[in-house]
Structures are given as C-alpha cells and as structure tokens.
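Residue numbers (the numbering used here), protein chains in the order written: chain A, 13 to 123; chain B, 119 to 232.
Treat the hints as calculated values from the structure; they're not laboratory data. Predicted model only: the values in this text are computed from it and were never measured. Virtual Cβ for every residue (Gly too), placed ideally from N, Cα, C. Among the clues, some could well be false.
[What the hints assert, rightly or not] Just so you have them, the derived chain B footprint on chain A, three or more residues with Cβ under 8 Å:
{"#": "1", "region": "54 to 60"}
{"#": "2", "region": "65 to 71"}
[Stated by the list, open to error] EDC-like cross-link-like pairs, simulated, lysine to aspartate or glutamate; straight-line CA separation at most 16 Å:
{"#": "3", "chain 1": "B", "residue 1": "LYS162", "chain 2": "A", "residue 2": "GLU27"}
{"#": "4", "chain 1": "B", "residue 1": "LYS162", "chain 2": "A", "residue 2": "GLU15"}
{"#": "5", "chain 1": "A", "residue 1": "LYS54", "chain 2": "B", "residue 2": "GLU225"}
{"#": "6", "chain 1": "B", "residue 1": "LYS180", "chain 2": "B", "residue 2": "ASP192"}
{"#": "7", "chain 1": "A", "residue 1": "LYS54", "chain 2": "A", "residue 2": "GLU15"}
[What the hints assert, rightly or not] A short list of chain A residues far from chain B (calculated; beta carbon distances all over 12 Å):
{"#": "8", "residue": "ARG13"}
{"#": "9", "residue": "LYS14"}
{"#": "10", "residue": "VAL16"}
{"#": "11", "residue": "PRO26"}
{"#": "12", "residue": "GLU27"}
{"#": "13", "residue": "THR30"}
{"#": "14", "residue": "SER38"}
{"#": "15", "residue": "GLN50"}
{"#": "16", "residue": "GLN75"}
{"#": "17", "residue": "SER80"}
{"#": "18", "residue": "SER84"}
{"#": "19", "residue": "THR97"}
{"#": "20", "residue": "VAL101"}
{"#": "21", "residue": "GLN110"}
{"#": "22", "residue": "THR120"}
{"#": "23", "residue": "VAL121"}
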Amino acid sequence: RKEVEQDPGPFNVPEGATVAFNCTYSNSASQSFFWYRQDCRKEPKLLMSVYSSGNEDGRFTAQLNRASQYISLLIRDSKLSDSATYLCVVNGKGSARQLTFGSGTQLTVLP
Amino acid sequence: EAGVAQSPRYKIIEKRQSVAFWCNPISGHATLYWYQQILGQGPKLLIQFQNNGVVDDSQLPKDRFSAERLKGVDSTLKIQPAKLEDSAVYLCASSLRQGTNTIYFGEGSWLTVV
C-alpha cells in the first residue's frame, strides 16, 4: 500500500463548479498534512496546511479525518487559474519526519 | 529573497553516461532535500541533509547516485552511470530546519536519458 494515495483524475470541470479531491494515508503516526499545488512543468508550492478542525482559505477548504486517515480539499467557484495538479502531502516515517507526496490529482477548469 | 537555485535546467544524456546537478538553497536554510519526480508521479525523497550531514538517504540508489553538501550550503547530486529509468525531474528543496512543515522547491533539473 502506498503511504499516500490520491485519485489521479483527471478532473475536468467548468468554471464556477465545486470540485473535491480526496487522499488517504497509511501512517497513523503522521502529524502534519498539506496540500501542494504544481503547475505544468513547474515546482510544487504549498497551497495550504490541513488542520484537525478543518480550515478554509478563500475558496479552498481542507479537512482531515484522523480516524479514517483521510484528507480532502474542496475548491468552490473554480477559476481557470486553478488548473493544476494538487498533491496531498503527509509527514512520513522516521525521526526527521520527511514529507511524503501523493502522486497528485490533475484538475482542468474549462471555460 | 532569492529562492532555491538549480542548474542545469535541462540535460539530455545517453545511458551509461554521468550527470551532475547543482543546488543552492535559500540563504540560512539548514535542511536541504533532493527529490526525484517521474512524470505522472509525486516527488520522491532521495536524500535529506541537515547542514553538511546526511539525515536520510534510504531511498537513494547508492550504486549509481551520490550526493554531497560539503560546506553545508550548496549541494551536488550525481548519477553515474545513468539508466533510462532515471529520466525525471530532480527537485532540490530547502527548509529552515529539520522537521519544519514548509519546504521550498527549486524549479528543478529535467533529465532525459536516451
């Protein structure tokens, strides 16, 4: 089983739509969770951290379910500029707590 | 503030040849990472340095890959000899300290092995 699993998509949605991405992780000891965004042929960049109580940043809402080891990202009112790959990231095993990346979910927002 | 610098941006080599990538992290960042990202996959950690010491290199194919950070600042990742399956983007990243939640990536070095 992969440490971090995501639905690869692709998700093709019209502008203005709401879209949700899911992610599961295998290491129950993980303590930190994130969503990174990666534009085509660019480096990953931090989109937002994910907190146990759920958190929102504008049109983006992230939620964490520790019991189910499940993370989600909801994007409301999608914009063309949201087109990218969204990477689910979890701090992994070992004392250094390195970040482990999922394979990403590709989103294309259509005009 | 300058970001993570990497070079070269693109490299095409034949299998069995060698290649080296260079990375200069954000000033003051003690922790440096090398990730490998194969097309369609997420970044996979190859090696992590804390200053000039190796913290984790468990996923580094040591028969062909090597990395160093001799003075605790910039770093070099070498592949020798390269295989076709090494074709990937090699991303360098840095963070202020080990275990921090935010890491910053460079633009990556794109390697094609033919």
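Beyond 12 Å from every Cβ of chain B: is that where the Cβ of A/VAL16 lies?
7 Å, violated
Since A/SER84 was said not to touch the interface, does its Cβ keep a gap of more than 12 Å from each Cβ of chain B?
Holds: least Cβ distance 17 Å, greater than 12 Å.
Does A/GLN75 really sit off the interface, with its C-beta more than 12 Å from all C-beta atoms of chain B?
The assertion about A/GLN75 holds, with a minimum of 18 Å to chain B.
Is A/VAL101 truly not at the interface, in the sense that its beta carbon sits beyond 12 Å from all beta carbons of chain B?
8 Å, violated
Minimum Cβ separation between A/THR120 and chain B greater than 12 Å?
The claim stands: A/THR120 keeps its Cβ more than 12 Å from every Cβ of chain B (closest is about 15 Å).
Just double-check A/GLN50 for me: nearest Cβ-Cβ distance to chain B has to come out over 12 Å.
9 Å, violated
Interface-negative label, A/THR97 against chain B, beta-carbon threshold 12 Å:
A/THR97 not clear of chain B: closest Cβ-Cβ about 9 Å, inside 12 Å.
Straight-line Cα separation of A/LYS54 and A/GLU15 no greater than 16 Å?
24 Å, violated
Against chain B, does A/ARG13 keep a CB gap of more than 12 Å to every residue?
15 Å, holds
Should the label of A/LYS14 as a non-interface residue stand, given a Cβ cut-off of 12 Å to chain B?
10 Å, violated
Please work out if B/LYS180 and B/ASP192 have their alpha carbons no farther apart than 16 Å.
Distance of about 20 Å is beyond 16 Å: violated.
A/GLN110 and chain B, when compared Cβ to Cβ, separated by more than 12 Å:
For A/GLN110, whose nearest Cβ neighbour in chain B is about 5 Å away, the distance does not exceed 12 Å, so it is violated.
Consistency note: the structure conflicts with the earlier hints numbered 2, 3, 6, 7, 9, 10, 15, 19, 20 and 21.
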